[in-house]
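*Asks:* Sequence:
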Amino acid sequence: MGAGMVELGPGMVEVGAAEAAQTVPPAKRRRVLALKTAAAAAGRRPRRERRPSAIQRLFQACRAVFRGPGTVPAPAEVALLRAMLDRMRPEDVGLSSDMPFFRNRDAPATEGTPAITHTTIYKSEKFSMVLFFLPTNAVIPLHNHPGMTVFNKLLIGSMHAKSYDWADPDDPPNESDASSADGQLRLAQLVVDDVFTAPCDTSVLFPTAGGNMHRFRAVAPSAFLDILGPPYSIEEDRDCTYYTDIPYSEHHMTSNELIGNEQEGRRLAWLKEVEMPRDLKMHTVRYSGPPISDR
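At position 193 of the sequence shown (counting the first as 1) the number is 198 in our numbering, and the numbers step up by one without a gap.
Do not take every clue at face value.
[As the list claims (entries may be wrong)] Below 25 Å or equal to it, Euclidean Cα-Cα: the simulated PhoX-like pairs (lysine-lysine) are:
| no. | residue 1 | residue 2 |
| --- | --- | --- |
| 1 | Lys-286 | Lys-167 |
| 2 | Lys-277 | Lys-167 |
| 3 | Lys-277 | Lys-128 |
[Unchecked claim] Label-pair restraints from in silico Cβ distances:
| no. | residue 1 | residue 2 | range |
| --- | --- | --- | --- |
| 4 | Asp-284 | Pro-174 | 23 to 33 Å |
| 5 | Val-200 | Arg-108 | 18 to 28 Å |
| 6 | Ser-293 | Ala-81 | 29 to 39 Å |
| 7 | Met-281 | Pro-174 | 38 to 48 Å |
| 8 | Gly-73 | Arg-108 | 33 to 43 Å |
| 9 | Arg-300 | Ala-120 | 15 to 25 Å |
| 10 | Gln-65 | Pro-252 | 28 to 38 Å |
| 11 | Asp-175 | Glu-96 | 20 to 30 Å |
| 12 | Ala-84 | Arg-291 | 24 to 34 Å |
| 13 | Pro-204 | Gln-65 | 50 to 60 Å |
Hints listed in this document are in silico derivations from the structure and should not be mistaken for laboratory results. This one's a predicted model, so the numbers in the text were calculated from it and none came from an experiment. C-beta: ideal position from N, C-alpha, C; glycine also.
With these hints in hand, go ahead and build the complete structure from the sequences.
*Replies:* This is the structure we're talking about:
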């Protein structure tokens with residue numbers, strides 16, 4: 006109902022309405038009458054303006070938070086986006102756990118690694134919003150996010166996540182970190198090695214912290230929303246690099262100092278750059294969830 010309107014409930018007598026009308030200022034009564042007349046002419050009750058959808062509100066917040074390459078959101082901005090994503094539900098992006106894809110608990114009967122599907126909700130030079138769909142046993146290999154802040158929200162399913170940060174982010178790999186037989190290696194510190202099941206909290210990674218290099222494996226059919234700011238861009242030197250991890254204790258370069266670090270709880274590994282795995286299959290589909298407007 007419009008502001009100031011008085012609703013007549015069942016059993017209310019006419020004198021009650023008259024008494025209520027007397028308490029409303031004349032100018033407001035005229036506005037109420039005008040609203041009733043317009044609604045009657047249109048054959049419906051006056052309606053309040055519809056609130057933006059959850060994905061639209063998230064988009065608007067991202068547009069305010071992400072300022073382009075070379076910037077990282079402030080802690081308050083990170084907290085804002087994380088809180089919004091924590092409240093996101095599958096239906097906010099047009100998904101349901103009752104969909105056949107998520108009810109199929111077994112891996113597809115195909116050879117090799119199951120294919121991954123993704124859909125882009127929005128992309129600009131400042132940020133992107135992308136949905137990923139992983140059938141059981143599908144794997145997104147260990148990869149990095151150069152210069153990016155990434156918010157990851159698991160919406161449906163269960164996934165094993167493993168992530169690393171460089172043990173010394175200010176010390177890039179050099180000849181002392183490599184051998185002719187093994188190629189270039191760089192020391193990394195394990196950040197996460199765990200299984201997550203929806204609903205769960207949003208994870209956030211930063212250019213040099215939070216697990217910038219990570220790998221996902223679907224324990225059950227899963228869907229997650231990634232927000233990357235800024236997005237990947239080959240032109241701006243933000244290409245995706247893939248890695249393989251080697252346990253620190255299984256490599257001849259491991260020293261007594263590293264063993265001491267491991268014993269103190271700093272779990273380490275060697276990472277080696279590799280080509281994009283040949284069995285990685287990515288399919289793109291059109292986004293069909295609630296629309297967003299950038300106006």
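*Asks:* Are the hints correct? Go through all of them and say.
*Replies:* Here is how each hint holds up against the structure:
no. : hint                          : in the structure
1   : Lys-286 x Lys-167             : holds (20 Å)
2   : Lys-277 x Lys-167             : holds (16 Å)
3   : Lys-277 x Lys-128             : violated (30 Å)
4   : Asp-284 x Pro-174: 23 to 33 Å : holds (30 Å)
5   : Val-200 x Arg-108: 18 to 28 Å : holds (20 Å)
6   : Ser-293 x Ala-81: 29 to 39 Å  : holds (34 Å)
7   : Met-281 x Pro-174: 38 to 48 Å : violated (24 Å)
8   : Gly-73 x Arg-108: 33 to 43 Å  : holds (41 Å)
9   : Arg-300 x Ala-120: 15 to 25 Å : violated (35 Å)
10  : Gln-65 x Pro-252: 28 to 38 Å  : violated (44 Å)
11  : Asp-175 x Glu-96: 20 to 30 Å  : violated (44 Å)
12  : Ala-84 x Arg-291: 24 to 34 Å  : holds (33 Å)
13  : Pro-204 x Gln-65: 50 to 60 Å  : violated (23 Å)
In summary, the structure is inconsistent with hints 3, 7, 9, 10, 11 and 13 from the numbered list given earlier, while agreeing with the others.
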